[in-house]
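**Q** Position chain B relative to chain A; hints supplied.
Number of protein chains: 2
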Amino acid sequence: MGAKMKEVGIGIVGFGTVGAGVAEGLLTGMALISRRCGVNVALRGIADLDITTDRGVQVPQELLSTDALALTTRDDIDIVVELIGGTGIAYTVVKTALESGKSVVTANKKLLAEKGAELFALAREKRVDLYFGASVGGGIPIIRSLRDGLVANDIRAAYGILNGTCNYILTRMAREGADFDAVLADAQRLGYAEANPSLDIDGFDTAHKICILASLAYGVSVPLADVKVEGIRGLDLVDVKYADELGYVIKLLAVCKRHEGQLEVRVNPTLVPKKHMLASVSDVFNAVLVDGSMTDDTLYYGRGAGRAATASAVISDIVSVARHVASGVPREAEPLPVLEESALTLLPAEACTSRYYVRLMVKDACGMVGQFATILGDHGVSIFAASQHEPTEEQRTAGYVPVVILTQPARAGDLNAALTEIHARGIVQAMPRSLCIF
Amino acid sequence: MGAKMKEVGIGIVGFGTVGAGVAEGLLTGMALISRRCGVNVALRGIADLDITTDRGVQVPQELLSTDALALTTRDDIDIVVELIGGTGIAYTVVKTALESGKSVVTANKKLLAEKGAELFALAREKRVDLYFGASVGGGIPIIRSLRDGLVANDIRAAYGILNGTCNYILTRMAREGADFDAVLADAQRLGYAEANPSLDIDGFDTAHKICILASLAYGVSVPLADVKVEGIRGLDLVDVKYADELGYVIKLLAVCKRHEGQLEVRVNPTLVPKKHMLASVSDVFNAVLVDGSMTDDTLYYGRGAGRAATASAVISDIVSVARHVASGVPREAEPLPVLEESALTLLPAEACTSRYYVRLMVKDACGMVGQFATILGDHGVSIFAASQHEPTEEQRTAGYVPVVILTQPARAGDLNAALTEIHARGIVQAMPRSLCIF
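Residue numbers (the numbering used here), protein chains in the order written: chain A, 6 to 443; chain B, 6 to 443.
One thing to keep in mind: the hints can contain errors.
One copy or two, it doesn't matter: identical chains are merged, so the pair holds either way.
Unchecked claim - Derived lysine to aspartate or glutamate pairs resembling DMTMM-like cross-links, with alpha carbons at most 25 Å apart: (1) Lys131 / Glu104; (2) Lys233 / Glu426; (3) Lys280 / Asp191; (4) Lys280 / Glu250; (5) Lys11 / Asp159.
Calculated directly from the structure, the hints in this document are not laboratory data.
Next up, chain A with everything else stripped away, as it sits in the complex:
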């Protein structure tokens, strides 16, 4: 049996952190992988502009080259592994590979978000695979689980903690009672956050990922621009503390949820009950909770980033694609992400319904609480619980007291209208802070 195994040729384009991890995993793990899978995968080339920097992995010198497109189109390369990132040369490489009839494995979220429709159509036309298991959740096989393990389920909803940087910051704020700015600065020193942290802390990385999960779950292409995204920048420590007192932790949660004919996709800092599994997801870890029509809740947890974890997902994709190549399966028998011509449209942000945590700095005068409660009620927002906190010296001097309320499920639009009116009437010191409750 071993003698009959076809060798499948792999070319890696992009020899950075993940590229080096994939090369190492392929070179050291090949015997295990071929025993497990009955397929022989041969790493035949690695292209990068910089092939002199030490990547911490022993690679035969003859595998290295600087010409990405030459590697991409070589006859002995069956699968092109794109790990450059971005939408410049990465786009050219992926497109060229697909046009040459080669399958592609990539971890490039941005490329999928911006050029996915075109590239998947091209892959379908050419009957080759375009796999992207490492684009969401790093080493967690969430994409594979949605594609295969949950294939019989109508996905009612998926909830994700998808950005390790944000989760690290939130974990330290909760654990140490430290301010956002201080923890962010520390995370940057430690290399957990970029010098320009916007992509992470403003929620866009999380949004990219939930769009990919939504496209898999619902067979629709969700344009990032249409998704309501709120990150964790400047999250006030006082809200972390009040949440803790109420039995919650704050997580940056991505949601995609099916309604009647409409799809809710959003990213918000969200209060999660401490007893819930998602509340136990700490530090840089990621998790995705999937509510399937047959399984109910299943949850997937692990490292969402890092060289080895991401390389694990890339190699898993390589092996699956290599099996197809080795067996000559016509590609149309394999799943591609956007197959449904779905009639789902995006639910407008103001129509999204959630329970809410609201913190109001209420004027310390008789009848104020009654006034804002009445306004909430007039907008259809019911109060589930309320507590008035002892004001700080500064607040007392300014004449305001902090009040926290938890609402019953309410439409975002109704809540915002109510809070705007409460603010306009001068009942509160500033626009109240509201956060979703899971």
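**A** Chain B only, in chain A's frame:
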């Protein structure tokens, strides 16, 4: 493309709870499944001795028959789905199907445990699939994740909460402070535990499942008889309470772990730190934590049993196998569970190392604590923490005080030798209770 899809014929043998769930899922979800997967699956027959009981699913009458073997060998059946259970007729059906060149999907743990080696060899010889994704973890795609998602990883260890009945009992004991016997009786009334609960509460169901996971992770066949299995029968509530005070919850944990040339496989009630994800797995839910060489920890959580969740896993297998059938892939290119001729042998139970919780009823006399601590030390067991609890009136009268110690990592054999000596010397009222710490 749709017109070219080959229809793959499915026969279900065993029309009980799960069989009805699979039939329902196939009949109602077929459009979704074929859109997602590019394969048409046709349910062509269901065999059961009892085809008159209402199973809560609308099935065309002409699909039903009472002759399992006739259905199994029919020419228009490509995949036989065995949901009878046990090793009698189920074995005959599976063997006959494989011999007839048909692929098989089963959820039958017992059959795999007792006849797995023979049946997998037969499947390999006949180049057909034998899938068993529903045998561990119900709707959680853990088997698929080990096979595919983590294929690049050397599995360092896997830890599972694999039996819903046990976890339900343990959750209620911890939550309500209720006795084992009372909760078990209640679980039986509610249908969460069998009239004869031994398979669940004595740990054998959990052991079956960890053997299957070990065979997938390490490519070795682990005989159930060689596995040290300790269930939760008669677990003392006082240990649940002391564990709680110390910051732990008790879970029935299955472990498989690779050591140098040896494999540790065991099932024990285990103290899990409350902050750990596994501690949040409550009620009938299951979870598996996998420590991979590239991913580090990943965790998979969901309903480990029940009609719809189990049917979800069975249908996922059916779809994967149907893709192979439709595309005519020779089966040897697909993974089978026991592929490695591994040199791993089972680590003897006494050589397993763990931290331990030990509760001793120590004679209330001067110097007793010093004596048992010395004996532990003589056997190489170091004390990490110790606390003496206030005795109950009964204990005070009898002249004993409860002492709880937590040890540093120790060999099971050393701990047991020490406890046996402590008991023999008359320092304690009865043989001390020891429990592993995760």
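**Q** Of all the hints numbered above, which does this structure not satisfy? Sort the numbers upward.
**A** The structure conflicts with no hint, since it agrees with every one listed earlier.
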